[in-house]
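Peer 1: Residue numbers (the numbering used here), protein chains in the order written: chain Z, 94 to 404; chain R, 94 to 404.
Accuracy of the hints is not assured; some may be wrong.
Each pair may be met inside one copy or between any two copies, as identical chains are not told apart.
Unchecked claim - Taking lysine-lysine pairs in the DSBU-like style, the calculated list, with each CA pair at most 30 Å apart, reads: (1) Lys380 x Lys314; (2) Lys318 x Lys193; (3) Lys283 x Lys370; (4) Lys295 x Lys109; (5) Lys171 x Lys404; (6) Lys171 x Lys370; (7) Lys369 x Lys171; (8) Lys193 x Lys96.
The set of hints was computed from the structure by calculation and includes no laboratory data.
Number of protein chains: 2
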Amino acid sequence: MDKYIYGVDVGGTFLKIGLFAVNNHQLLDSKAVETPQENHEISIFQEIIKTINIINIDHGIDMNDVLGIGLAIPCPTKNGYVSTCANLDFCHIDLVQSFKALLPNHIVVTVGNDATLAALGENNSLETPYENAVLITLGTGVGGGIILNSNIIEGKTGLGGEIGHIKVFDTDEVCGCGAHGCLEQVCGTKGILNNALEQKNKMGSVLKEGFTVKDVFDAAKQNDKAALNTVHRVAEYLAIATVNLAITIEPDVFIIGGGVSKAGDFLLDLIVHYFKKHARFNTGDIKFILAHTGNDAGMIGSYYHAYQHIK
Amino acid sequence: MDKYIYGVDVGGTFLKIGLFAVNNHQLLDSKAVETPQENHEISIFQEIIKTINIINIDHGIDMNDVLGIGLAIPCPTKNGYVSTCANLDFCHIDLVQSFKALLPNHIVVTVGNDATLAALGENNSLETPYENAVLITLGTGVGGGIILNSNIIEGKTGLGGEIGHIKVFDTDEVCGCGAHGCLEQVCGTKGILNNALEQKNKMGSVLKEGFTVKDVFDAAKQNDKAALNTVHRVAEYLAIATVNLAITIEPDVFIIGGGVSKAGDFLLDLIVHYFKKHARFNTGDIKFILAHTGNDAGMIGSYYHAYQHIK
Chain Z
94 MDKYIYGVDV GGTFLKIGLF AVNNHQLLDS KAVETPQENH EISIFQEIIK TINIINIDHG
154 IDMNDVLGIG LAIPCPTKNG YVSTCANLDF CHIDLVQSFK ALLPNHIVVT VGNDATLAAL
214 GENNSLETPY ENAVLITLGT GVGGGIILNS NIIEGKTGLG GEIGHIKVFD TDEVCGCGAH
274 GCLEQVCGTK GILNNALEQK NKMGSVLKEG FTVKDVFDAA KQNDKAALNT VHRVAEYLAI
334 ATVNLAITIE PDVFIIGGGV SKAGDFLLDL IVHYFKKHAR FNTGDIKFIL AHTGNDAGMI
394 GSYYHAYQHI K
Chain R
94 MDKYIYGVDV GGTFLKIGLF AVNNHQLLDS KAVETPQENH EISIFQEIIK TINIINIDHG
154 IDMNDVLGIG LAIPCPTKNG YVSTCANLDF CHIDLVQSFK ALLPNHIVVT VGNDATLAAL
214 GENNSLETPY ENAVLITLGT GVGGGIILNS NIIEGKTGLG GEIGHIKVFD TDEVCGCGAH
274 GCLEQVCGTK GILNNALEQK NKMGSVLKEG FTVKDVFDAA KQNDKAALNT VHRVAEYLAI
334 ATVNLAITIE PDVFIIGGGV SKAGDFLLDL IVHYFKKHAR FNTGDIKFIL AHTGNDAGMI
394 GSYYHAYQHI K
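Next up, chain Z with everything else stripped away, as it sits in the complex (with noise of 0.2 Å):
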């Protein structure tokens, strides 16, 4: 009999859910809803069961052949506890215990941190999967996610994998996180557009006012100065992040997605470029891909991280 688990992630403005047969790991369906938007320390659960149920109904599966539900969510996770939450209404709660009182006794309930488990979906969707993995996703924050032994790091309280902070230069500037020269505020889209900005006041540039991110690195593969510049301190920054990741942790890959990874190989070849210049010992070796999964990684990793706990 063929078996099935969920994958959900679960965003501020829609769920994601996600039907994966357990045999071949293939997403066979998937629904986004929308959030409700109160009381989501029950509501957010019975949306997720109501659409569970019609998906089922679709594809004719019982429940009982549902194993598992596993949750992405966006907010700092240990062992499924939350104590809060910036974008849901999720405070000091065991979300394993509150999902599983409203399932049948079977059904196996893994949460864990939506960076995270994308790491956890990029990496396991690959054709071979990585031992050690991380993830760094780059866009409005800079995020990001770890995979050591085939397993996530939460961390002490879940804060495990937040890359974005990483303290790599000295700036008086305060970072949106309340700290000092994060790497979030070299290579998140405002520290891409201020630096541009101050690049072209100094140099001149073809960009033009209102510019995007994308504009920046499209200047800057016509060579454009002032957007090389800004790229090339995006590139080296996140290399000397990783740099430091390597020599502490030594992953097998690190994985770059976000909305800036469509600047694709031409970022990706710099990032590289950066971290053989910085690398320590024999770590100059370690892989750099592209992320491939796009916005199903969440969903994708919370399958796997459920699969995992029962397999």
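Start from chain Z and add chain R according to the hints.
Peer 2: Same frame as chain Z, now just chain R:
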């Protein structure tokens, strides 16, 4: 029937061989013998077996009751495989298989890096071991080991935990590892002495020619300005390295060991001061403690490593 495991710290000068009782993890006896000069790929194993036989006879132990032997070795190793070793004549060798070939079939052999296993030894010999712990050893070099989810972190090739080579500052001076700006360049013996001399030349100091690291800390405790500047620099850079570890792997505890840590709470309090200053999110509460097992850490850790495999 009582069962036993041997933990062996394989050094360039001595082999420290400890007999441990499995039921209560107690060290029952230990012997230090000189490391053979030649043919390390066989002679070290022979010397260990010879010494174990002597200890067995002393304690009336039958080899059938020895469940395993753990080795801590002074070079990077992954699952017991060593590609090169600066201190011993090991070259492209699987130490687990090589050692097992000389032992009765029932004996489990484990091999790990000495600093990494020292982290395991320090942590597991605490009254209540932590799930996630980082050991940082401050001596001539700066080393360390990482324990996450109660397991050692070796990384891709065994370079996990090389904390001394985290890049923490920009400099043209080259570190012993060949790179620039390593933590070891600030917090290793040479970095401390050089900086103290520089400070002394700048502003005078009670430090006399030929001063030692202990002198620097003693002078700092007496409020010598030059020495204080150096000690604050050591504490702040070490804090920055730990802040970055806190936000990526979020250990429950940082354990500070090695000769320099003999400066005790004076140094520890300064590190914690700077750690809180630079800490991200809620990581400022992570504990810092001083190492307590001294030179036995590697031997104890190699015992626990073997124990974990057998259990």
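Peer 1: Evaluate each hint against the coordinates.
Peer 2: A quick look at each hint next to the structure:
For the identical chains of this complex, Lys380 and Lys314 are intra-copy neighbours only, at 23 Å inside a copy versus 47 Å across copies, given an alpha-carbon limit of 30 Å. Taking CA atoms no more than 30 Å apart as the test, Lys318 paired with Lys193 passes in neither setting, with 56 Å inside one copy and 60 Å between copies. In this homomeric assembly, Lys283 and Lys370 come within 30 Å of each other (Cα to Cα) both inside a single copy, at 26 Å, and across copies, at 24 Å. For a Cα distance limit of 30 Å, the shortest separation of Lys295 from Lys109 qualifies neither inside one copy, at 45 Å, nor across copies, at 62 Å.
Proximity of Lys171 and Lys404 under a CA criterion of 30 Å is satisfied in both settings, with 20 Å inside one chain copy and 26 Å between copies. Taking the closest pair of Cα atoms, Lys171 and Lys370 come within 30 Å of each other only across two copies (25 Å); inside a single copy the shortest separation is 36 Å, beyond that limit. Taking identical chains as interchangeable, the C-alpha atoms of Lys369 and Lys171 lie at most 30 Å apart only when they sit on different chains, with a minimum of 22 Å there against 34 Å within one chain. Proximity of Lys193 and Lys96 under a CA criterion of 30 Å is satisfied intra-copy only: 19 Å inside one chain copy versus 42 Å between copies.
The earlier numbered hints that this structure contradicts are 2, 4.
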